[in-house]
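Trainee: Chain by chain, the residues:
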Amino acid sequence: MKRFLRNNNNKGKKNRERRRKNLNSLRFRPNMQNKLAFLFTGAMLAFLFLAVVVVITTTQNYDEYAVKVFSNYNYSSTSLTAARGTITDRNGNSLAISEPEYLLIIEAQNINDDKYYQATIAALTKVFGLDRAELESFVVNHPNSQYYRYRESDGQTLMIVPLDKIEEFEAIESAVNVTSARRKLEALSELFGLTTDEVAARFPEYARFAVEGVWFEKRYERVYPYGSLACKVIGYQSGDSAEYSTGIEKYYDLQLTGVDGKSYGYLNDDYNLNNQVVAPVEGNTVVSTIDVQIQSIVEEKIADYMENTGAENVGVVVMNPNNGEIYAMATDTYFDLNDPTAKPDSYTQSEWDSLSAQDKSTALNELYSNYCVSSSFEPGSVFKAFVVAMAYEEGYLNGDENFYCGGYRVVNGWKVRCHNRDGCGVLDIFGALQNSCNVCLMQIADMVGKEDFTTYFNRFGFGKKTGIDLPGEMDTSALVYSDFTTQPDVTLACASFGQGFNVTMVEVCAAFASLVNGGYYYTPHVVKEIQSVDGTIVYTADTTPQYLTISQETCEYMREALFAVVEGGTAQTIKVPGYNIGGKTGSAEMVINGKRAEDEWVCSIVTACPIEDPEVLIYTLIDRGKDPENYSNSMPAQLLSKAIYEEVLPYLNIHSNLDEYDYIVIPETEAPVESSYEEAAITAEVGEVETDPQTGLIIETEPVETDENGEPVSVENPADESSEGESTEPSPEGGESISPEVPEETPAALE
Amino acid sequence: MDNNINTEKMQTEEVKEKNLIQKIFFFGPNTYYDYGLVFVMLFLVLFGVIMVYSTTAYSDAITYGTPYRSVINHAKYAVIAVGLAILISKFDYHWIVRLSPLMYLLSLGLILYTMVAGKTANGSARWLYIGSTSIQPSELAKPSLILVLSLYLTAFYKTKLKRKRDEFIYVLIGLIITIIPVALVIGENLSTAVIIGLIGYLMCHVATKIKYILPLLILVGVVVLVVLYNSGGLEKILSGYRWERIQAWRHPMEGDKKYTYQILQGLYAIGSGGVFGKGLGSSIQKLGYLPESQNDMIFAIICEELGICGAFFVILLFVLLIIRLTFIAQNAPDMAGGLLVTGIMIHMSIQVLFNIAVVTNVFPNTGVTLPFISSGGSALVVIICEMGLALSVSNQIRK
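One line per chain: the protein sequences are A and B, in this order.
Position in the first sequence counted from 1, then plus 2, gives you the numbering used here.
Position in the second sequence counted from 1, then plus 34, gives you the numbering used here.
No lab work stands behind these hints, which were simulated from the structure alone.
Since we're looking at a predicted model, the values are computed, not measured.
Some hints here could point you the wrong way.
Across the chosen pairs, the derived CB separations fall in these ranges [unchecked claim]:
| # | chain 1 | residue 1 | chain 2 | residue 2 | range |
| --- | --- | --- | --- | --- | --- |
| 1 | B | Thr100 | A | Met161 | 42 to 48 Å |
| 2 | A | Arg22 | B | Tyr69 | 31 to 37 Å |
| 3 | B | Lys245 | A | Arg22 | 27 to 33 Å |
Backbone N, C-alpha and C define an ideal beta-carbon position, used for all residues, glycine too.
So here's chain A without its partners, still in its complex pose:
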């Protein structure tokens, strides 16, 4: 026992010794180091795994979770709507403005508080005359609503409150929301229409009352003071998206759109809640080149014409030929810019109501489209002026050539007729234009040749967009021949009198302006400049010429020629006493379903005044005019132009020169032409007159039925029924006789 104890003691002593030794000298064992290394590896792998989890959580759910978090963030910031910029005409008259209006916003959540309920409801009903039961039921039934645009009783129309009522409401608000109990009581008694004692008796807790949870949202309404005036140019602004807007409103949407401001709460560096307002910036002011006066004159005249005669389409462009600014642009259809979705006049109410939503929108889009830029047509004889210009410019003509017209010309075996079936006889160049003789022009085009014709065709800008600053300009590149050298002669022949290709009104305007202004091609435009709110000009329309089309000399010649057309040619109707107008008429039979439609004509006249130094250019087009006597000639268009000129010229301060008429007196030209107009056939020697011996004038064998050959056939002589001449033999002597079948009444007389 004793030994055991001693042993034990000894053992214990030994153990204690060993433990001390262990503690002081035992090394960290290699197997421990290994296990530690394993643990370390495990920890690293776990970290790697978690890092991957973080990446997956973020990348897979970023969108969803970001939205969730943002929806937590009901620390609302309010958007302050910026006013849209104004559109003015060239003289500063407002065409489109944004007028502020105020919506009533109800925060039912706040109003539901007992402290605010009575006073707020009372103030709202008192000032704005709201239906109390309606208001209370909304507030009580929407305890969590923080934003509600209050509506009229019909539940649809947003309630718009006038500014003076808002001021009245704010006056009550500030009277009630005072700390002084006495003043509060007075304000409440006035608000509730009770005596102070009654208020105190009915609402014992009145001292805490306040008006809360009501505010007014400012927004802007687009107003067009002139209603439908210049509707095609200004366009309307769709509230939804610029995509649905039209006109300037669409084209200059970015400039017109202001920068919205906002009001938001944020925590500053000291974590105090601050309210910050970033003021909205109003959109830029767009100054249009449109002149309200000229535009109204034009629209009035078109309306007169439509009332008296009528047509499928009427388009008028009034332009400054010296810089491309468009003074007026109008068609025969209108819509009210302030109510663009209203029923168009062409529909009766019952018709309109029966249309489906889609049909309605199609009809409206048709109404919105601007014929002057978005539709194309064959220019007809208007184009002859350009052919003469290019021939003169390139030296193929020097001004004293004479041509013989026997009524038709055979090209590629096709017999292409002049509108004058009897033939115009011998004509000089002015005479060719004055009579608008197809045969002469075919000969001139032949002299020019396909190559130069193509060059000038492109140079005058036909077949490409002018770049006018309006949406929806038609691209006519697919409707013209890009290269006449690859086309048969007959294509060129037809093109010489403006058939076989399509153009838009603005293309003709821009090209014609260059004919009379000295050869400068300007991009037509409807916006002159853009100003920021503070008046700084941020954009000015480019009024430098794009390039030169013809030389000054050719231009002078063309002015004389075009003047001659008005003075003694097809455009005599347009004459305005005291003014020298120069221009060219044109009419073309429409191609409908690949076939010349006999009674469907597009007639137009493009003129500039005063021709010696043009200040205004008017292009008037009547598509399928309903005048039974003049549906195929440009008389109605001339009369319309004339009516416009008569009022526009004085307005533009272009002086009448009745007394001081000293421009181009061309007695030697005018007199012979006048005479030759009747006598040419008699006086001219057939052999002498023929400038081109190859040109055979032949007897028409018989009129063959129209068209299985497509283009060339369909673009044949407008005055003819596209007779084919393939089987006819060229006859060596020219001008034998006219085709007997052609009825004399064929309506082509004037051109």
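Could you slot chain B onto chain A? The hints should help.
Mentor: Just chain B now, with coordinates in the frame of chain A:
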């Protein structure tokens, strides 16, 4: 004469004192000091202060009228703890190891005391209030266990085994030392209990010569858990809210909102951060939507504000820290130091891994703080002091 005697006496006392200081503080001749660890630790502590400010400023401003309240409290603890850690790092850790049984018993006592008298926070009695400051005794249990185990496992280490049974007894006693605090804590704080248990268990595993005990037991544990879960036994064993938390973990989208709310908001925070985050200070979730955002959930706010980049940065810092700790343990001058740092490294790894795993919903939701970064007094002080211990070990590494 008297004077002479007195001065002599004083001189001897001085010598004695010097010796004592020399004994306690270690100023060895060829001392190494792991500045890498110091740097990483300080970086993490500073980053923590910034993040705590970012997460608490708004709610503090709303509640207390000043945005600095929480961050000042946090920074105060951080400064005290770093000072303490530097002091500890200059101690000879052998002394601390020798004194550890006292500390161990003290922590056990405090846990018991808290169970009886502790105030209830978050539904569990974990906090002990001394004046105005609250401490969590279970936090103290972690370093105590690490210290006491490194003492036990070293002192009773047998270089030569006479009987295999002795080794089992050696491990078993180690595990018993571990089980006692685990058993005391588990009722109130499962996550801390699991962490304490794992620390002790893994330290025993590192110390023993038996190779396969760890993988085997882990495997058994997982199998048992899976079987229990599938048979429904786990539902009976776990108290109500724990079972609900497991359900919320399994089905965060459809579970009871009371339990899934925090998980979901945490995930939303992580997910909404993107690659570079919303920017420091720009978290939305911290504005009162994510509970405990400055505490257990701070990693989610880091992800939201600094994105994947910020999360990777934090993970990288912890990886560096663990690399330093592993390095110190591998090069420790003796077994006691090696095991001590091993314990600290295990503690650090588990705590960080658990926290990130909870925030990313890899683990069920339990309250584990992110070392250095989460706001909180006792946990911060304890973890920084542990770094001091590791530095103390590093200080005795011979060059």
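Trainee: Check the structure against each numbered hint from earlier and tell me which ones fail, lowest number first.
Mentor: none
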